Amino acid sequence: MTTDDKAQEETPRFFDSPRNVKGFLWGFFALCIAVVGFELFRPLGGGAPVTGDEADAVHHLAERAGALEFVGSFALYGFVSCVALVIMGKGLRRLAMRPENYYDADSTDLDDEPTPSDEAH
Amino acid sequence: MVREPFPLSIDWGTILGLPPALIFFAGALLMVLIRGRYQDGARKVVMLLTPLVGLWNLTSLVPGEAWEYVIFDLDLSLVRVDRLSLLFGLLFHVGAFLGVIYALRVKDPVQQVAALAYAGSALGAVFAGDYLTLFFFWEAMAVSSAFLVWAGDGKDAAAAGMRYLVIHVASGLMLLAGAMLHLTRTGGLSFDYVGLTGVEGWLIFLAFGVKAGFPFLHNWITDAYPESSPTGTVFLSMFTTKVAIYALARGFPGTELLIYIGAAMALFPIFFAVIENDLRRVLGYSMINQIGFMVVGIGIGTELALNGAVAHAFNEVLFKGLLFMTMGAVLLRTGTAKGSELGGLYKTMPKTAILCMVGAASISAFPLFSGFVSKAMVMAALLEDGHTWIWFGLLFASAGVFHHAGIKIPFFAFFAHDSGIRTTEPPGNMMLAMVLAAIGCIFLGSFPVYLYSLLPWTVEYTPYTYSHVMLQTQLLMFSALAFIWLKLSGIYPPELKSVNIDVEWLYRWAGPRAAKVVMNNVIFLVTNFSKSMREMTAPVIDRLIKPNGSLARILPTGATILWTAAILAGFLTLYLLRGAS
Numbered sequence: 001m002t003t004d005d006k007a008q009e010e011t012p013r014f015f016d017s018p019r020n021v022k023g024f025l026w027g028f029f030a031l032c033i034a035v036v037g038f039e040l041f042r043p044l045g046g047g048a049p050v051t052g053d054e055a056d057a058v059h060h061l062a063e064r065a066g067a068l069e070f071v072g073s074f075a076l077y078g079f080v081s082c083v084a085l086v087i088m089g090k091g092l093r094r095l096a097m098r099p100e101n102y103y104d105a106d107s108t109d110l111d112d113e114p115t116p117s118d119e120a121h
Numbered sequence: 122m123v124r125e126p127f128p129l130s131i132d133w134g135t136i137l138g139l140p141p142a143l144i145f146f147a148g149a150l151l152m153v154l155i156r157g158r159y160q161d162g163a164r165k166v167v168m169l170l171t172p173l174v175g176l177w178n179l180t181s182l183v184p185g186e187a188w189e190y191v192i193f194d195l196d197l198s199l200v201r202v203d204r205l206s207l208l209f210g211l212l213f214h215v216g217a218f219l220g221v222i223y224a225l226r227v228k229d230p231v232q233q234v235a236a237l238a239y240a241g242s243a244l245g246a247v248f249a250g251d252y253l254t255l256f257f258f259w260e261a262m263a264v265s266s267a268f269l270v271w272a273g274d275g276k277d278a279a280a281a282g283m284r285y286l287v288i289h290v291a292s293g294l295m296l297l298a299g300a301m302l303h304l305t306r307t308g309g310l311s312f313d314y315v316g317l318t319g320v321e322g323w324l325i326f327l328a329f330g331v332k333a334g335f336p337f338l339h340n341w342i343t344d345a346y347p348e349s350s351p352t353g354t355v356f357l358s359m360f361t362t363k364v365a366i367y368a369l370a371r372g373f374p375g376t377e378l379l380i381y382i383g384a385a386m387a388l389f390p391i392f393f394a395v396i397e398n399d400l401r402r403v404l405g406y407s408m409i410n411q412i413g414f415m416v417v418g419i420g421i422g423t424e425l426a427l428n429g430a431v432a433h434a435f436n437e438v439l440f441k442g443l444l445f446m447t448m449g450a451v452l453l454r455t456g457t458a459k460g461s462e463l464g465g466l467y468k469t470m471p472k473t474a475i476l477c478m479v480g481a482a483s484i485s486a487f488p489l490f491s492g493f494v495s496k497a498m499v500m501a502a503l504l505e506d507g508h509t510w511i512w513f514g515l516l517f518a519s520a521g522v523f524h525h526a527g528i529k530i531p532f533f534a535f536f537a538h539d540s541g542i543r544t545t546e547p548p549g550n551m552m553l554a555m556v557l558a559a560i561g562c563i564f565l566g567s568f569p570v571y572l573y574s575l576l577p578w579t580v581e582y583t584p585y586t587y588s589h590v591m592l593q594t595q596l597l598m599f600s601a602l603a604f605i606w607l608k609l610s611g612i613y614p615p616e617l618k619s620v621n622i623d624v625e626w627l628y629r630w631a632g633p634r635a636a637k638v639v640m641n642n643v644i645f646l647v648t649n650f651s652k653s654m655r656e657m658t659a660p661v662i663d664r665l666i667k668p669n670g671s672l673a674r675i676l677p678t679g680a681t682i683l684w685t686a687a688i689l690a691g692f693l694t695l696y697l698l699r700g701a702s
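Chains as they are written, first to last, in the working numbering: chain A, 1 to 121; chain B, 122 to 702.
If we strip away everything but chain A, and leave its shape as in the complex, we get (with noise of 0.2 Å):
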């Protein structure tokens, strides 16, 4: 079951048709804007949230963090975080990444290195 002869056979689904992963990004581009713009129609009263709460986050926001108080600041802080955020997993894959048999390779090594007792005899 699986092969990939099967998977040539069967009927295309949704994404493997170009245009249709085109058009689920374009929706995707089109929402990102939508959540921007409600930002800008936040009922009146700046930014007290509607039901008015002191333990809100986002309303503590303004006064204690100030600098995410612009329109579409979370949505900068969100994009810049995981660009970020996958640069430095890159540079982490440098310093840690190792072969998948990492561990075992080296356990079986270490039976066979030669020893200053063996040597000894």
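No lab work stands behind these hints: they were computed from the structure. Note that the structure is predicted; figures quoted are calculated from it, not measured. A portion of the hints provided could be inaccurate.
Unchecked claim - To spell it out: a stretch of chain B is covered by chain A in this simulated footprint if at least three of its residues, at any positions, have a beta carbon under 8 Å from a beta carbon of chain A; those stretches are:
| id | region |
| --- | --- |
| 1 | 591 to 601 |
| 2 | 620 to 629 |
Stated by the list, open to error - One-sided and incomplete, this derived list gives chain A residues near chain B with beta-carbon spacing under 10 Å:
| id | residue |
| --- | --- |
| 3 | Glu10 |
| 4 | Asp16 |
| 5 | Pro18 |
| 6 | Phe79 |
We put the CB at the ideal spot given by N, CA and C, even for glycine.
We have chain A already, so just place chain B on it with the hints.
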């Protein structure tokens, strides 16, 4: 803590509640005893009934109740009922029930017994009112869950299980040592607020920290969980770390150090998660990240923060359980959970894909999903307490968790490039467990008032405000946009067959090598030393044991008794000397 009764408590009149652990241990014992023609069916019935009977029993426990007993003049408490222990009690019953449904087709009695005993031990730990009882269940949890790690395939699981057991038993020993010091200092063993005072405070803190996955003590999670069986990992993900969160909330609320430890836990795993290939290990890293949020909440220590921490623990059992279930289903059907081997599974496992995305949306804290209503409490508490920089860090971690758990896992398993794998949906029982967990995630996220009514402290928090919903959506949508941009531009690192070294490198690579070098030199020295000693002492020994030598003579009975008495006297003297000091 709130004085109102726990919403689940029902007055059954004269019926007295039993210790919750007892019911699960009885279930496990029954599983061992069941033999014969209908054993498979009977075991399934016992597996399903145990959490249900337990849940019924739980409703009869009323806050303020306790089961106390005395051993060696020590006042111990097997069960301490309050809103905090009841919340975790309820959570573990729900988790155990979902896990049992998911694992209903498993015919291996070892796994079945281990799962029930593990759930029972976790319940015993959260209801324990003293350190000795806590220690007993702490170690019982370690041993029973190790069997679930060993349920995985082959020698990798065997080795990982052994490392897991050693680490957890060590955690138990630290707890015991801390408890004994506590006893000598205070004269009692009752488990309440500890704080970082004295050696005992630090020992207990570290014991809890090992189980919670503090930085540098975290590696057992990402080492052992991906090695277990598809069903074993689901149980493993539900109990141990949540017991640790409970214990920290009980013993160390408001300990400022926890804010920084938690922030580190929320941040560092997301980098590993981005480059990790094994998707169950990605979930392990994301588990440390989520526990980080809870630990921060406990560190802040206000009512809002503590409520947020335990509410998030409650939600995490459901959404992380759901995510591990979907990855377990993929592993069961395809034989792998590695991102480099998977892709395109939405064609043949569409329902699993959708359920995985529900779990992904919940862990990422999308509005209407469970993470949204609990994580935000911790975030709000951070700002209220003036920890703005930590707040920025955790906002970064929130975007990061969506990036690796919310997008990466569903994308590389179910979409991405078509791996050519054609398979089927998992069996009905697994599907049912996933659907129930998904309903739980959506229900708790959409109607948070039910979750809030269970919380131990007064809740004054409204998650659904215009700005919260809108700004959280912005954050997440643009994180997704970043993923799309990085993927389309080819910057995103591909899934590669690889492992990434972490702290475990110290005890899996460097430690064995160092030990080998040391041991070889020790053996070399000992060999030479004993050789020269042999040469020096040979004539003396020879004289003693040769015919008519002083050791070869036949001693009269009286002399033997004399020698025995002398040895006994020696021991008694030593004993007396010890007593006198």
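Verification of the hints:
1. With a cut-off of 8 Å between beta carbons, the region 591 to 601 of chain B has 11 residues touching chain A; three or more are needed, and the interface restraint holds.
2. Look at the region 620 to 629 of chain B against chain A: 5 of its residues bring a Cβ nearer than 8 Å to a Cβ of that chain, three or more, so the hint holds.
3. Interface restraint check for Glu10 (chain A): the shortest CB-CB distance to chain B comes to about 8 Å, inside 10 Å, so the restraint holds.
4. Evaluation of the Asp16 (chain A) hint against chain B yields a held restraint, the C-beta minimum of about 8 Å falling below 10 Å.
5. Annotation: interface hint on Pro18 (chain A) violated; nearest CB of chain B at approximately 13 Å, more than 10 Å.
6. Contact between Phe79 (chain A) and chain B, as hinted, is supported at the beta carbon level, the nearest pair being about 4 Å apart and thus within 10 Å.
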